[in-house]
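Enquirer: Spelled out from the first residue to the last, the chains are:
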Amino acid sequence: MWRRSASFILDKRNDTGARPDFVSLSPPQTTASTMADTLQNPNAKVSAYYQTRAAHHGVVTSDWLAQAQAAVGKYSPESDVRSSSSAAADPGSGKPFSVIDEFNNWRKQPDLAEAVAAIRALAAVIRSSEATTMMELEIELKKASDSLKSWDTTSISLTAGCDLFMRYVTRTSALEYEDFNSAKSRLIERAEKFGEISYKARRIIAMLSQDFIFDGCTILVHGFSRVVLEVLKTAAQNKKLFRVLCTEGRPDRTGLRLSNELAKLDVPVKLLIDSAVAYSMDEIDMVFVGADGVVESGGIINMMGTYQIALVAHSMNKPVYVAAESYKFARLYPLDQKDMAPALRPIDFGVPIPSKVEVETSARDYTPPQYLTLLFTDLGVLTPSVVSDELIQLYL
Amino acid sequence: MPDVQSLVIEFVLKLKKRKVEGSQATARQTAVLLRSVISQQRIGYTNQAGALIDAVKAVGEQLVAANPVELAVGNIVRRVLHIIREEDLSLTTAAMAGLNLSAVSDDDDDNDQDDHPVLSAAAVAAAARSTLRPPSLQTLLEDMPDPAAVPHTSSSGGDSEEKSKSADKSSRSRKLKHDVIEAVNELIEDIDTCHEQIAEQAVEHIHHNEVILTLGSSRTVLEFLYAAKEKKRSFRVFVAEGAPRYQGHLLAKELVARGLQTTLITDSAVFAMISRVNMVIVGAHAVMANGGVIAPVGLNMVALAAQRHAVPFVVLAGSHKLCPLYPHNPEVLLNELRSPSELLDFGEFSDCMDFGSGSGSPLIHVVNPTFDYVPPKLVSLFITDTGGHNPSYMYRLIADYYSADDLVLQRKAAASN
Amino acid sequence: MHRAVYKVGLQYLAGDITGGNARCIAMLQAFSEAIRDYTTPAEKTLTRDLTAKIGSYVSFLIECRPLSISMGNAIRFLKNRIAKLPLTLSESEAKTSLCLDIDRFINEKIILADRVIVRHASTKIRDGDVLLTYGSSCVVEMLLSHALELGKKFHVVIVDSRPKLEGQSLLRRLVANGLNCTYTHLNAVSYIMHEVTRVFLGASSILSNGTVYSRVGTAAVAMVANAFSVPVLICCEAYKFHERVQLDSICFNELGDPQAVAKVSGRGDVNYLGSLGNKDNLQLLNLMYDATPSEYISMIVTDYGMIPPTSVPVIVREYCRDQLWI
Chain A
1 MWRRSASFIL
11 DKRNDTGARP
21 DFVSLSPPQT
31 TASTMADTLQ
41 NPNAKVSAYY
51 QTRAAHHGVV
61 TSDWLAQAQA
71 AVGKYSPESD
81 VRSSSSAAAD
91 PGSGKPFSVI
101 DEFNNWRKQP
111 DLAEAVAAIR
121 ALAAVIRSSE
131 ATTMMELEIE
141 LKKASDSLKS
151 WDTTSISLTA
161 GCDLFMRYVT
171 RTSALEYEDF
181 NSAKSRLIER
191 AEKFGEISYK
201 ARRIIAMLSQ
211 DFIFDGCTIL
221 VHGFSRVVLE
231 VLKTAAQNKK
241 LFRVLCTEGR
251 PDRTGLRLSN
261 ELAKLDVPVK
271 LLIDSAVAYS
281 MDEIDMVFVG
291 ADGVVESGGI
301 INMMGTYQIA
311 LVAHSMNKPV
321 YVAAESYKFA
331 RLYPLDQKDM
341 APALRPIDFG
351 VPIPSKVEVE
361 TSARDYTPPQ
371 YLTLLFTDLG
381 VLTPSVVSDE
391 LIQLYL
Chain B
397 MPDVQSLVIE
407 FVLKLKKRKV
417 EGSQATARQT
427 AVLLRSVISQ
437 QRIGYTNQAG
447 ALIDAVKAVG
457 EQLVAANPVE
467 LAVGNIVRRV
477 LHIIREEDLS
487 LTTAAMAGLN
497 LSAVSDDDDD
507 NDQDDHPVLS
517 AAAVAAAARS
527 TLRPPSLQTL
537 LEDMPDPAAV
547 PHTSSSGGDS
557 EEKSKSADKS
567 SRSRKLKHDV
577 IEAVNELIED
587 IDTCHEQIAE
597 QAVEHIHHNE
607 VILTLGSSRT
617 VLEFLYAAKE
627 KKRSFRVFVA
637 EGAPRYQGHL
647 LAKELVARGL
657 QTTLITDSAV
667 FAMISRVNMV
677 IVGAHAVMAN
687 GGVIAPVGLN
697 MVALAAQRHA
707 VPFVVLAGSH
717 KLCPLYPHNP
727 EVLLNELRSP
737 SELLDFGEFS
747 DCMDFGSGSG
757 SPLIHVVNPT
767 FDYVPPKLVS
777 LFITDTGGHN
787 PSYMYRLIAD
797 YYSADDLVLQ
807 RKAAASN
Chain C
814 MHRAVYKVGL
824 QYLAGDITGG
834 NARCIAMLQA
844 FSEAIRDYTT
854 PAEKTLTRDL
864 TAKIGSYVSF
874 LIECRPLSIS
884 MGNAIRFLKN
894 RIAKLPLTLS
904 ESEAKTSLCL
914 DIDRFINEKI
924 ILADRVIVRH
934 ASTKIRDGDV
944 LLTYGSSCVV
954 EMLLSHALEL
964 GKKFHVVIVD
974 SRPKLEGQSL
984 LRRLVANGLN
994 CTYTHLNAVS
1004 YIMHEVTRVF
1014 LGASSILSNG
1024 TVYSRVGTAA
1034 VAMVANAFSV
1044 PVLICCEAYK
1054 FHERVQLDSI
1064 CFNELGDPQA
1074 VAKVSGRGDV
1084 NYLGSLGNKD
1094 NLQLLNLMYD
1104 ATPSEYISMI
1114 VTDYGMIPPT
1124 SVPVIVREYC
1134 RDQLWI
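Chains as they are written, first to last, in the numbering used here: chain A, 1 to 396; chain B, 397 to 813; chain C, 814 to 1139.
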C-alpha cells in the first residue's frame, strides 16, 4: 500500500544523483538506487526536472515533515546539502569528471534556475578541460552539453541554457579572441556571472510588469514560479493594492507554496482548486503565469493546467501575461500537446489506483501564442511574435 | 532668434489648452521646437551627445507632462533622442577607426570588454550599438543588460576623442550638432510627407467597385482614398459621422468635393451596413507597441463589427504615431473626457445637473471620451509610410525608431536600475 | 376613411406616436372606434365588407409609415376574428364582440404582458448592478421604475445615438424618478461597457431564427456587450414574435428622412453639408432598424417567461398561432 515516504531526504544523503521520490507512486524500495543510475537517468519514466520543482516548491505537510525528521535523525538540512556536495566531489576523485554530477549538484539549490545550473556545469567542464585549442574545447563542450541534454530531455531550460552557452562559445571564440587562455578564462567568468544575470533578469521582469498591475486588480496565478513571485513581491513593495487568486497546482501543490509566500507579504490571497479557474474567471483582471520554456512560436510550455487557464481567460477576454527569463527561449516548435517529449511525473491520488486504470502523468502542457497577451522578459515587454525574431537572430 | 525657453513655454501652454489639433501637427511642431533647442544648446568638448540628450530630455519631459494623452509628443522626443545617439555613434565609430588601436587600451571604462587589451574598433562599435538596440538574446551573455552603460557610450566617445588631435575637437562638436539638426530636418520632412507616402500604397489595397467604410475624419484617410480615385479606381465610400464631433460630415464634404461616390450614415448603422462593405479604412491617434490602436471613439465598435463579418480592418498611421509603450488599461489612462455639452444641451437639462450644490453628486453623469482602444487582434493591417505591416510586427518598427533607454521619459522610472 | 384612423395616420406621419407598443395600441383603438361607427352597407355581408374596409385603413396607414411587424401581427389577429365571426350574430353583436376582442388583445398581449416581463426581468437585477440600455424602450423603462420601487440599488447607463436621440427623453423621465443615470453616445459604448453588468434592450420584433429586429444601433450595443462578456437581455412581448427569418439588416428595413442625417440638431457648429445641397455623388442613408444576431443575446424575457433565443420558434409555434388566430 502506498503511503507518503520520507525517502527523498535519505536519497539526498545517500547519493547525490537520485531524484527525490517523495511523491512517487513506486514503493519505497527505490531508496536503494545507486550512483550508477545518475549517469543514464534510470527512471526515464519520470521527469527529473519536475521532480526537482516538486522538491523545491511543493508543499510539505507537517506530518510528513515529522516523519522525515524522524527518518533522517540527526541530519539537519544544512548538513544535508553539505554532505551532498561532498558526495559530488567523491566520484570526481574516483572517476573522470562528470558534467551530469556537476549539474545535479548545482540544481540542488532551490534558488538557482535550471539554466544557470546547466551553464555552471558547462563552466566546470571548461575548467577541468585539458584542451589546448579552441576547437578541442568546443568539441568537448559540445559532448558535455549533449550528454547533459540527453540526461534530462524533459527540461527545456536545461536545453535552452546549454544551447545559449554553446552559441556564445562559438561566436565569441570565432570573433574576438585569438588567445586561447584568455578566451577560456573569459568564458568561465561569463558563465559564473550567469547566476547574477539570471537574478537580475528576474528583477528586470518585476520592474517591467509593475505598470501592468494597477490598484484594485485581481490576479490569477498558477502554480509556483520564482519570477511571478518576484513580480508580486515587487508590486507589494511598491504599495500596490491587489488581490491574488492562487490555484492549488496539483499534483505537487506548488500553488500552496506561493500562497504561503504571498500571505507573508500581507497580500490578500485566495486559494482555488485547479478546477475552479473558469468559475472564478469573471472576477479576475489578469492572469500571470511563469514558463518552463518559451518556444519558437511564442507559445509557452508550462506546468499542467496553464493551457486550460489560458483558454478560459482568452474566451473571457482577460489578458494572460507570461513572466519568463529570456534564457528560457528554446528552439522548439510543438504543434500540439503530444508534439513534445513527455515529461512524466508520478501523481498521488491519495487512494490506491487499480492497476487497470491508466493515469495521465504528464507534468506540463503547451499553450499556443494566440492565447497569450504579452511576455515579460528581461529583453523587455514582448508580444509572442518577438520570440521567434530573437531566436532567429541568435541562431541564424 | 527667439529665446528657446519662451518658445518651450508657449508650446507647453498650447498643449495644455489642447490648442494643437491632430497628431501630425503636434509631431511637426514638437520636432521644430526640439530642433531649435538643439541648435541653441551650448555643448562642451566632452560628452556632447550627453549634453544634447539631457537638454532634449528636459524639454521633452515638460512637453509630455503638458498633454500626456497626445502620444505623438513623446514619440518625437524619443525619435530625436534616438537620432542624437545614432549620430554620436556613427561619429564615434568613424573617429575610432581612425585612431591608433593601442591608444584605446588604457581606456578606464569599467565595461568588461574594455579591460581587454586586444579590442578592435569594430568590437567597440558593436558594443556601443548594442546599447542602442534593445537588449536581445544574443547579447545576454556578452554584457549584462545594464542601462547605466548608456552614458558610457557617449562619454567613451568623448574620452577617446580627447586623445586625438585637438584640431578635431571643434570640428567634431560642430559636426555632431550639424548632423543631428540635419537628421531632425529629415524627420520633419518625413512627418510632412507621410500622407503622400501612405497614399501611394492606396492602389494596392483598393479594388474596382469596392465599398469602403470609414468613421470620423482623418487627413490620411482622405488622401488615401483620393489617391486611389486618382488612379482610376471607382469605388464607394460609406462615411460614419463619428459622434460627437461629427467629423464624418467634414470628410464626406471633402470626398464629395473631390468627386468620390460617398454615402453618409449614422454611427448606429455601422453594424447594419458592414455586411455590404469590403474594407474598413480608418486613421489612428496612436499605435502602441503591441499593435493596439488608440483611435477616435467608436472605432472599437467598428472593428468588432468588421471582425464578425470578416471585413479587413486597415489602420493608416504615419510613423510619428508609433508609440513604443505597451498600453495598460488604455481605455482609462490614455483617454480624455470631453465636454458634456457636446452630448446634452445644458439649458435643457440644467435642473438635473446641479453640480456641487445640494445632494453632492449630480443625478446625470455624462461620459464623452475622446478615444477608443482597439486591441491588436482586431486589426488586419497597418499601413505606415514604410509599407504595410501586421500588428504582430509593430514591435520591430519601434525597435528601429527608438532607443530602448528612452522609452521612459518621466523621471519616476529612474530607479528602475 | 374613418377620422380616427386618419388621425392616427397623421400622427404616425408626424412622428407624434413612436414605439412599437404605442403605435400598435393607437392603431387598434382607432380600428375599434371605426368598427363601432361601422354599418354594413346594403347587399353586403359584414365579414367581407369589414375586412375590405380594414384592409383599406391598413394601406392608408402604410402610406403614412410602414407597419411594424408587431402591427402586422395585430392586424392579422383582427382580420382573423372578423373571418371567424359566427354568421348567426347580429351586426351590433358582432361589433361588440370585435371591440371586446380588440380590448382583450391590448390588455392581455400588451399591458399585462409588459407587467409579466417586468416581474421576470427584475429578478435579474441585483443590488450594485450597472444596467445599460440603448435608445428608449417602454418595457425597459417600466422595468427600471419597477426595480426602483422594489428598493434595488442600481445605476443606469443610457446609450443614445443620432438622429433620433430618443435616450434624452428617457433620461429626463428616469432622472425625474430619482434614478442616477449616466448618459453617453453609441461610440463610447466600448468605453462604458467595462463597468456594466447587465444590458437590457427592447425590440421591435423577434424573428424565428432568433434575430432581434430593433432600433438601429441595438446590434452594435449587443455586439460590444458580448465582446466584454456582459449578458444581454431582450425584453419583448410575445405578440411581436414573427415566423419570418432574416440574416442581415439590409433586406428588410425602413428608411428614415435622409436630411435628418445631414443636419445635426442642437449643434450649430456642425454644418458642413448644408451648402452641398443635392450633389449627385453624395447619398444620405438613414436606416431605422437593424438585425441583432441571436449569438449576442443571452436571454429573451417575454410574457411566457425567460427563454433562450433558440426557443423563439417554439413560442411562435406553440402560442402565437393558437392564441392570436383563434
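No lab work stands behind these hints: they were computed from the structure.
None of the values given here were measured: they were computed from a predicted structure.
Some hints here could point you the wrong way.
[As the list claims (entries may be wrong)] Residues from chain C that face chain B, not an exhaustive set, calculated with beta carbons under 8 Å: (1) I867; (2) V871; (3) P976; (4) V1058; (5) S1062.
By construction, the Cβ of each residue, glycine as well, lies at the ideal position given by its N, Cα and C atoms.
Enquirer: Each hint: holds or not?
Expert: Hints, one by one, checked against the model:
{"no.": "1", "hint": "I867", "in the structure": "violated (33 Å)"}
{"no.": "2", "hint": "V871", "in the structure": "violated (27 Å)"}
{"no.": "3", "hint": "P976", "in the structure": "holds (6 Å)"}
{"no.": "4", "hint": "V1058", "in the structure": "violated (16 Å)"}
{"no.": "5", "hint": "S1062", "in the structure": "holds (4 Å)"}
Hints 1, 2 and 4, counting from the list given before, are not met by this structure.
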